[in-house]
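*Asks:* Okay, here's what each chain looks like letter by letter:
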Amino acid sequence: MKRREFLITTTLGAGATVVLQGRGHQEERLIPLLVSEERLVPGVEYWTASVCRQCPAGCGIVVKTMFGEATTTVDDQTVRVKRRQAKKIEGNPDHPLNRGRLCARGQAGLQVLYNPDRLRGPLKRTGPRGSDQYVEITWEEAIRLLVERLQQLRQRRQAHALVFLTGRLPRHMRLLVERFMRAYGSPNHITYELFDDTVERRANKLTMGREALATYDLARARYVLSFGAPFLETWRSPVYYSLGFGSLRQGRPGVRGKLVHAEPRFSLTAASADEWLPINPGTEGALAMGLAGVIIEEKLFDRAFIERHTRGFQAFRQLVREEYSPEPVSEITGIPAETIVRLAREFARHRPSLALGGGAAAAQTNGLFNLIAIQALNALMGNLGRPGGLSFTPDPPFQEFPPVPETPQTRESLRQPRLDRVGETASIATFIERWRSGQPYAVDTLFLYEANPLFALPSALGVREALQNVPFIVSFSSFKDESTAWADLILPDHTYLESWWDEVPEPGAGRPAVGLAQPVVKPLYDTRSTPDVLLQAARSVGEDMRAALPWERFEDLLKDAYRGLHRAVGGGGDFDRFWEEVLKNGGWWASDDQRPSPVGYVEPQTFDFSPALSHRRQPAFAGDERTYPFHLYIYPSIAFFDGRGANQPWLQEMPDPMTTVAWGSWVEMHPRTAERLGVSEGDRVWIESPHGRIQAPVVLFPGARPDTINVPVGQGHRAYGRYARNRGANPVHLLAPLVEPASGGLAWAATRVKVTKSPERGRLVTVGYTRVHTEAERR
Amino acid sequence: MAKWGMVIDLDRCTGCEACVIACHAENNLPIVGEEESAKGRQHNWIRIERYWEGEYPHIRARFIPVLCQQCDHAPCEPVCPVYATYHNPEGLNAQVYNRCIGTRFCANNCPYTVRVFNWFDHQWERPLDEQLNPDVSIRTRGMMEKCTFCVQRIRRARHQAEDEGRDIRDGEVQPACVQSCPTEAMVFGDLDDPDSRASQRARSRRAFRLLEELGTEPSVIYLKEDEWVEP
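Quick note, the sequences are listed as chains A and B, same order.
In case it helps, this note's numbering puts the first sequence at residues 9 to 787.
In case it helps, this note's numbering puts the second sequence at residues 58 to 288.
If you are wondering where the hints come from, they were derived from the structure by calculation, not from laboratory data.
Glycine included, C-beta positions come from ideal geometry on N, C-alpha and C.
Footprint (simulated), chain A over chain B, 3 or more residues, beta carbon under 8 Å: (1) 62-69; (2) 74-83; (3) 91-101; (4) 179-193; (5) 234-245.
Pulled a few chain B residues facing chain A out of the computed Cβ check, cut under 8 Å: (6) 88; (7) 105; (8) 107; (9) 109; (10) 113; (11) 114; (12) 116; (13) 118; (14) 120; (15) 283; (16) 285.
In isolation and in its complexed conformation, chain B is listed as follows (with noise of 0.2 Å):
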């Protein structure tokens, strides 16, 4: 049994957002329009924070992709009245969405803000939707959702593993998130394995986590940005 888990590389990350458009054409996500982000409610699973440090000239931005970090002790999962967001023998934080009852308790409990609550039944515009993902349900109004780490690829990749008769290789599941980065900054894969590119990565010395002190144990690893030294 794998336990999935993402490594983000800030030095390599530039903000360009080709994830969270990834993320909208995989996973079904919403255009709310501009009314509704005005008011904070647009639909991303990923978003790309970005952070100014300094003062003109000497200025800097930093971006971190944030989504949800699948924690291993989640703050959102005891505070669910009726079982809907459960941890998985994989690590990941589930959603099951004909549970929830919309009480936002889990949202109001995520110390990350990922969770996204669906305020109304949203419309595509046809022929948009001819677009829509049939791996993925469509979330109604009432229900509470958030990022996957794309679990319908992990099981796509599951049943032709097992089809062959073999354990899913190194690789060959990619959230979308991960699939598009142009600079290669987001590495998924089993941190059980201890030669998964993943776990490779997440060995470096630049390795943090998101609010490491709330305990939250969670499975995305960010490497901080490196300095240039003069060699």
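If we strip away everything but chain A, and leave its shape as in the complex, we get (with noise of 0.2 Å):
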């Protein structure tokens, strides 16, 4: 044996580990954190899996880990500690939806853990509100005060008063949020993202009876008409819709693929089309209802599909008939009506092909129309359940968990209505109007976790009124955000490399699939996991809650559920060398031959077209056209998607691969608008909405319509740490407070803007290794 296999060995013998199957190098194993750091072997690399937790598409990593010295501060003395650290993050080459590959955000998640600026114990306000006026207290002072607040809720009767608002929570920790609530006695759980997928859910609920985000497999596909989503880039997943697209171009000999894409920007997705759609916005669905009318007049379409697996399409076949034939479809979109014809020719003779819409064709105020309209193409084509096609991605067996039981004053306030909902239409812009409004109850106590709604929600909506008036915020956010410098008590969470959850990629990757994440180094901080917080807070409350959440720690919650898991696949083995495997593979996924497998798959069966029909729409912009001459077009950046990127070095420094700006905001502006506007490169210039105005320098960008301007979202924090406060704008609070009204779905792309030059100077860095400006050249 040699020294090294031996030190291995022995290292790994006592700590009751599997050691496990090399991955490429001797040294390399995926282990969890069962072995003691004082067996590490220095200059050994330890791999362990884990999740990526910098957008919600859910990617498999394995985080590279090695045992080296730190400097730290102790006690205000400056010392030496030996230590686990993170190396390096990579996709994990077995999750079946990224398979080994990983974006630059997801790169980029050793700054959210070794970020300078995180919160390292429990906070409590002194000063005003917004004041930055922090304590630090105990976690035993911090969880007293939690559970006080919420004992005192309930003895006023007004536990319907807390809401816990959050951003889309990964699989389990979203079912412990919603058992804590409902134990608790509150309706309100309220999830929101900027980039959210409500209309989509809702356009695929109202086609296919299935209230889900589709996988669109783009690698099986021959033929590609993208809509308004930018998948290359930020949308839903974009390292497997990438990896989808390798294998459209390239993948198979003999066939390369053709990807068409529809968007009003030129964005990075367009830039790898092999055409570019410059569509009006917000006419995406006409021109989907104009390609239809192509198809189905010239009997292009699939017909048996059609005849056995449809319903209306008769009257949506004579709808097309007339009102959307080219000419004015090519009126409506402005897109040539010969192209139309083109395009539909192409897309139905070269099958499998596929039509996917989502992005700014989803966030007009006739979002649904587009979205539904865009399906509709899939159902003309027989996609349903197909290679190539669509198809929904079913959640695994895990373990169901008894009802919450209900007392006789939780079912009282539990059945005050939800304040984000109306009817079955639940939206962000419904709860802040009734938070801000105190109608029909006033919010008592916010909860956020996940969720910067100053920073990513139009602020047209009165969410800082709203938040001034609350009266007790508390807040488990990793980081001081806009949000966070608001909270009378803030609990930090650790960040997700050092936590135990879990995640089901929704959309998921064509068969069953959960990521398993679990600590990949010891807490840096005192900082404590939010459910395991959630589960005391829990048990002190009252008894009731405790027989709700039983678990001691969330990881106890995590292995219960993933007993139900084993007992459908886990091939009747035992369940701790089960919950090994799985905690060495990162997760769980169904063998990709396991169709039909035990846990089967269920695929959508029959398409009805009439909701083309009755949520038919057109699209209305806020700002009268006049006074508001440019479409805004804002869209999330590669680097920083919502905002929530811009503290990470990394991703301030990479320059965006369109313009190749680092380090701040800037304006597209197609180069006849400037010229018109009288602005050059790098100028300043105001943009005002009828509700904000934001200050950024233009880029000239040939590929913009002369009438919209584009902005990335991502920029203009105020707080947030050293390497994003006070760093460009926030296009976000330009928008007018517009929903999709059948879904509720945020419409960010609806807003009208003007553009004045500004007489501020400010700097626009370029990294375009030829053009860099800075202000002294200018001058």
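Hints in hand, dock the two standalone chains.
*Replies:* Structure (structure tokens):
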């Protein structure tokens, strides 16, 4: 035995851990944090599987850790400590979603963990709101304050006045928060994302009966028409779709697929397409109807599928015949009629052909109609559940937990109306409006978790007033973001690389899968896992909550949930062994050939065309066309997504691929538009909507529509640490508070603006290797 | 002895910059900040170049990831007065940091402008320094640096292969950029092995090399963007 092997064997032997098959290097081992730090061998790489949380996609990752020395401060003294350190994040090669690949944001996750601006322990506010005066407190005191608040609220019979505002939470975290709120007696777990999926879920529910996000099989398609969805950058599952794109293009001998992309902005996805259609904003559905018209007229659709598996086709056919022939569609969309005819023929003849819509196409006041019309193209091709088509991925068979028992008191408070819901439709806009007005009842205590409404919601909704008036705010954020800076109590969570959690990716990879995250390194600071804090609080609030949430730690809940998975797919073996295997692999997924499998695949069988008629609307825009002559097109930045990445210096310094701008905001403008306004590259302009104004430097962008101003989202933080604070502008604050009425989704692509030159000077840093603008040069 | 090379398929590349951040993480590249970025002093061993073509609405953008081309006839090598840059037996254009005296002749003579000079000693705000990869040394002020094809990964793979008494397997070594690439646009391997994935892709009719006419014999082979033709 060689010395190195000997060391590894002795290291792992006593740790009750699995020694795993090599992943390329002898030293590489995927091990859970069961090996104590004293046993780590310096210079040896250890790999731990986890899940990425830099966006909601849920890619599997493996994290390289090594034993290292760190300089840290203990009791105001600088000391050297030896500890396990995370060195590199890579895609988990076995995870079916990203198969070893990872995007720039995913790579930068290490700078979340090691961010110098992390909150290091619980804080209590001492000065006025927003004054940023806090005092450090112990976790005992912090939890006592939290529990007291919750108990008082219950005693006042106001349990429903607790609101838990979160981003889209991962699988069992969501279950925990929902159980917590139910057991406590509040109907108000409110979820929102700025770039949300409400409209898409509703479109799929209406047409295919599934309130879920579809997976599009780009890899096996030959022709892809995409509408508004920047799926190679930020939309849904960019790594999964990038893999699909690679295969679409060059993955099959003799087949070179085509991508046609319709979006008002020439995005990175448009740049990668074979053909870009600079479509009039909000007319994506009309274009889809026009294409459908040609396909139906020329009988190029899948007749057997239409006859057997669809409803409402006759009325749909009549509608497209009457109103969506190529000429009028060309008038609406700005796409030449002959292009529409040609694309419809290409699309129908080169099957499997796939239509996918989202992003700005959904974020219009007629977004639901747009997506329904786009899905109708998939129905015409018979794409439901076929290779190269679309499908829905079922949830893995987890253990179901018994329903939360009600008490007379919780029954009463749970009957109160949910603050974000009118009838079937929940909307963040409804919530903010009711919150601000205090009707039908006032919010007393607000929990914020993975949500930063002051940054990532239009200020025109009145978020600031609402926050100002809520008596008590608790934030669980790891960073002092804009909203957390207003909190009365801050209970910082671990970062995702220090925590237990799991995620079922949605859209999935076409087969049931779950990624399981375990702590990769020990927590750096005196932070606490938020689910553990909730469990601890639940135990103290009352006996009934303890009964509903009996777990000591979140890890125990996860283990219980995976017992159900073990029973369904574990093959009768020992659970502990199954659990170790899941930890080692970074999750569980059905094998590729398991179709049909014990867990069962549910695929959409029928398609209903009639919602295309009942939900048909024209796009409406906020702002009078004469006063506000430009469309405002905001988009999630490839570096910062909805702004959450702006505190990571790697992402700040990363040149934006389309403009090469780093470390700031910019405004994309067509060169002719700029000429007309008398501005040149680097000049600062004011962009003003009926609801606000921002200032940023101009980038002359040949892929901008002359009537549209493009601004990326992500910068413009007024808090969130040294790398993000006071840098650039946040275009979200220009948005009108519009929603898509049937689904409640934010219509963030429907605001008009005017542009004026600003006399102020500023800086635009472009890293174009040939183009560098500094203030000094322009003087 | 392998002849390492990389093949980059521009028909797959989307310009997403995943490779750029992967390289930063793997190779301890410093963050220079806004001021220095404005002066063109960013540290990137791989960059995405973007070229506009045409006019709106028939606009195209083309992306090319550019890294050290590891030339066989490298213009940077003969100009170094102290032999800090030299050719290793596996075809790597290597930089010996502790020989470098910072004349910057090599950077001036590189037609691909892929060499980066350290004008400063770089700082990592604690605890960002805990991420630093111990397999790659930190460069100090006055040194020239560049892409190494992640030589530390090649070395680890070779040690393991030697321990097991075999050759390095195809695909066993992946530089950080290749490994992260979401569209699998990049492939790395032994160009002397005709069966390696890199060699197979390099035989494509779309293959070309950057500034081929200079005779630098790059080890990075690009496949040009394909056109869709109606089948």
